[in-house]
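2 protein chains.
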Amino acid sequence: MFTLLNTDNKARCGKLKTAHGEIKSPFFMTIATCGSVKGLRPEDVKKAGAQIVLGNTYHLHLRPGEDIVNKAGGLHNFMNWDKPILTDSGGFQVFSLAKLRKITERGVIFNSHIDGKKIFLTPEDSIRIQEKLNSDIIMCFDECTPHPCSEEYAEKSLKITTKWARRCKKIKKNKHQLLFGIVQGSVYPHLRIQSAKDLKKIDFDGYAIGGLAVGEPIKDMYKILDTTLPELPENKPRYLMGVGTPENILEAVERGVDMFDCVLPTRNARHGYLYTSSGILRIKKEEFKKDFTPIDSKCSCYSCQNFTRAYVRHLMISHELLGLQLCSIHNVFFYLKLMKNIRKHIQKNTFQKFKSDFLEQFNKKP
Amino acid sequence: MFTLLNTDNKARCGKLKTAHGEIKSPFFMTIATCGSVKGLRPEDVKKAGAQIVLGNTYHLHLRPGEDIVNKAGGLHNFMNWDKPILTDSGGFQVFSLAKLRKITERGVIFNSHIDGKKIFLTPEDSIRIQEKLNSDIIMCFDECTPHPCSEEYAEKSLKITTKWARRCKKIKKNKHQLLFGIVQGSVYPHLRIQSAKDLKKIDFDGYAIGGLAVGEPIKDMYKILDTTLPELPENKPRYLMGVGTPENILEAVERGVDMFDCVLPTRNARHGYLYTSSGILRIKKEEFKKDFTPIDSKCSCYSCQNFTRAYVRHLMISHELLGLQLCSIHNVFFYLKLMKNIRKHIQKNTFQKFKSDFLEQFNKKP
Chain A
1 MFTLLNTDNK ARCGKLKTAH GEIKSPFFMT IATCGSVKGL RPEDVKKAGA QIVLGNTYHL
61 HLRPGEDIVN KAGGLHNFMN WDKPILTDSG GFQVFSLAKL RKITERGVIF NSHIDGKKIF
121 LTPEDSIRIQ EKLNSDIIMC FDECTPHPCS EEYAEKSLKI TTKWARRCKK IKKNKHQLLF
181 GIVQGSVYPH LRIQSAKDLK KIDFDGYAIG GLAVGEPIKD MYKILDTTLP ELPENKPRYL
241 MGVGTPENIL EAVERGVDMF DCVLPTRNAR HGYLYTSSGI LRIKKEEFKK DFTPIDSKCS
301 CYSCQNFTRA YVRHLMISHE LLGLQLCSIH NVFFYLKLMK NIRKHIQKNT FQKFKSDFLE
361 QFNKKP
Chain B
1 MFTLLNTDNK ARCGKLKTAH GEIKSPFFMT IATCGSVKGL RPEDVKKAGA QIVLGNTYHL
61 HLRPGEDIVN KAGGLHNFMN WDKPILTDSG GFQVFSLAKL RKITERGVIF NSHIDGKKIF
121 LTPEDSIRIQ EKLNSDIIMC FDECTPHPCS EEYAEKSLKI TTKWARRCKK IKKNKHQLLF
181 GIVQGSVYPH LRIQSAKDLK KIDFDGYAIG GLAVGEPIKD MYKILDTTLP ELPENKPRYL
241 MGVGTPENIL EAVERGVDMF DCVLPTRNAR HGYLYTSSGI LRIKKEEFKK DFTPIDSKCS
301 CYSCQNFTRA YVRHLMISHE LLGLQLCSIH NVFFYLKLMK NIRKHIQKNT FQKFKSDFLE
361 QFNKKP
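In order, the protein sequence lines correspond to chains A and B.
Heads up: the first sequence begins at 1 in our numbering, then just goes up one per residue.
Heads up: the second sequence begins at 1 in our numbering, then just goes up one per residue.
If you're looking for bench data, these hints aren't it; they were derived computationally from the structure.
Where hints are given, some of them may not hold.
Here are the simulated lysine-lysine pairs, DSSO-like style, with alpha carbons at most 27 Å apart [unchecked claim]:
1) B:Lys284 to A:Lys117
2) B:Lys117 to A:Lys118
3) A:Lys173 to B:Lys290
4) B:Lys118 to A:Lys290
5) B:Lys83 to A:Lys290
6) B:Lys47 to A:Lys83
7) B:Lys290 to A:Lys71
8) A:Lys83 to B:Lys173
9) B:Lys117 to A:Lys290
10) A:Lys289 to B:Lys71
11) B:Lys118 to A:Lys117
12) B:Lys290 to A:Lys284
13) A:Lys289 to B:Lys83
14) B:Lys46 to A:Lys285
15) B:Lys118 to A:Lys289
16) A:Lys290 to B:Lys298
17) A:Lys284 to B:Lys117
18) A:Lys298 to B:Lys71
19) A:Lys46 to B:Lys46
20) B:Lys118 to A:Lys285
21) B:Lys46 to A:Lys47
22) B:Lys284 to A:Lys71
23) A:Lys156 to A:Lys169
24) A:Lys71 to B:Lys298
25) A:Lys47 to B:Lys47
26) B:Lys290 to A:Lys117
27) B:Lys71 to A:Lys285
28) A:Lys71 to B:Lys285
The shape of chain A in the complex, shown without the other chains (with noise of 0.2 Å):
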């Protein structure tokens, strides 16, 4: 399903087929929470450059609930979106979101964070919703442990993930989807190692780093990654979830990850802070009052195309969803931009050169 193109040093492009069509890595997923891109529509999205899109199983089982979209045809249908989906397993969401009421070898009890509603999630049925759902990849269900956590913990916690790794991989029944394993161990180098060779041996389409960007050092993320990656088969895809900045992403690019997803770019656009190839620009600020220039002059989003920082800024702070809009469009087209960049500048193998003119451009105080 995946083939590599292209390896600039550690870096990596290719292509990974899925149900509903071929995407280019290392490729970015935006954010479609309850079915929807905040702020965007499917048309906006696709404009943006996006070649795949993320729906959050805990989300969609709790509204409007798996049956609902089945029914729709399937999340595609439902959002009316044509091109891949990759859905979470629910695992993070659950540890974040819900009130945890508890986890036990079998599965995981807890509240809905919408009604309180109890609710009881078991691998199994992680994988069930998510063949309801129809979505092209699916995740294995994991614990994802927080940060800090004690090695016994994370050694405990890891154990009962892979074997809902292997149950998940058992229970799983549609052919169309792919299914990926995530390797879990804190930051913990050893567990990392075991959690990566285990998985391996269980084989799964492709494989995720979880329990990363969850507020350890930024030092530590990339010394697991570089841990990590040597032990994960090259023939598929790797995927760091939850990550990140511009900056992590190319870090973690150049390791040889290939799938990011993040809600940076909308959460950030509807705060007004805004991605520029000179850094971020805080819309709202006083400054841009009367600036009649666009966002960003260099960029060729519908945004950036048709309106002013003056009137983005005024829109923003007159609460009109339009600025909403604006924002959250520009800032989802610069990270497919990124991405485009980076998977053009490892054809090239100009990766590194890329890297540090884009960080040096990026960093540099206005």
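Given chain A, work out where chain B should sit, using these hints.
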């Protein structure tokens, strides 16, 4: 500037020439309070069939300020809208939104509803602001009397409003802008007639009927229209301000009104109240949970062409921005389609039948 093309009993269709193009009447002006139709992009507004939008002088004066809009090249450039714009005078908002301090013959002292700042606004200021905004149709500064309003107060207020109208006409310099007078006089027929006669003498490019839809019984609104409209010149457009429901619009068109504006389509959209050919549909209701038909299967708007009731309901229940977009696009489309049909049927002298068919369908219980 205004050409009458046909009359069907008292209903009129015509065209109004403005600096940014010709508008077919009767027409409805979608509200763009702060320089944006809430939830829609300029393209959406055009695709919905809008010929003109309405900007609020009061809001734009407070934020971002007319000088910034003027620096951007006027409101059209600022908001990236190249079709006609009407701005109101700010009068209505001063009386409805701001904490009013004092009305004198010279002008009005009030506190901004945003930051409480004390502001003094005269008829001359209102015209100067509207000239800076560079809208196509500008309105005289008036006192919009509330309901109920004593005859004594209505008469006293009307005298000031008429004097203000004269001052607005006198100060106006920009020949590309059309200036409309506003008939006031509360629910008192003789005051309305007096107001119409006085304004006619001053000679405006169009005449608005203000101070209705402020809480008076609906039959009073129609009675005032019946009394006032015959007093207005036939060769000038007649604008019923702030109205209204589809039924109100049909009733007013029947009596000879050419122009309307109202927040109903956009505001109702944000609450999930959707206009359909068979009445108002409350999309958040449980019954639409598994309804995979469009909002209105007879509608050809973007939302109805691409999404289902079940999905739109899910988005609204989940507070997703896309839900607000889809509902707003639909409602604006509905209103503008209604106006298009009204024009078509007046042209064909079949307005009466269209009106009764439409209302029968719209008001029938589902």
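Those earlier numbered hints the structure runs against, lowest number first = 2, 8, 11, 12, 14, 16
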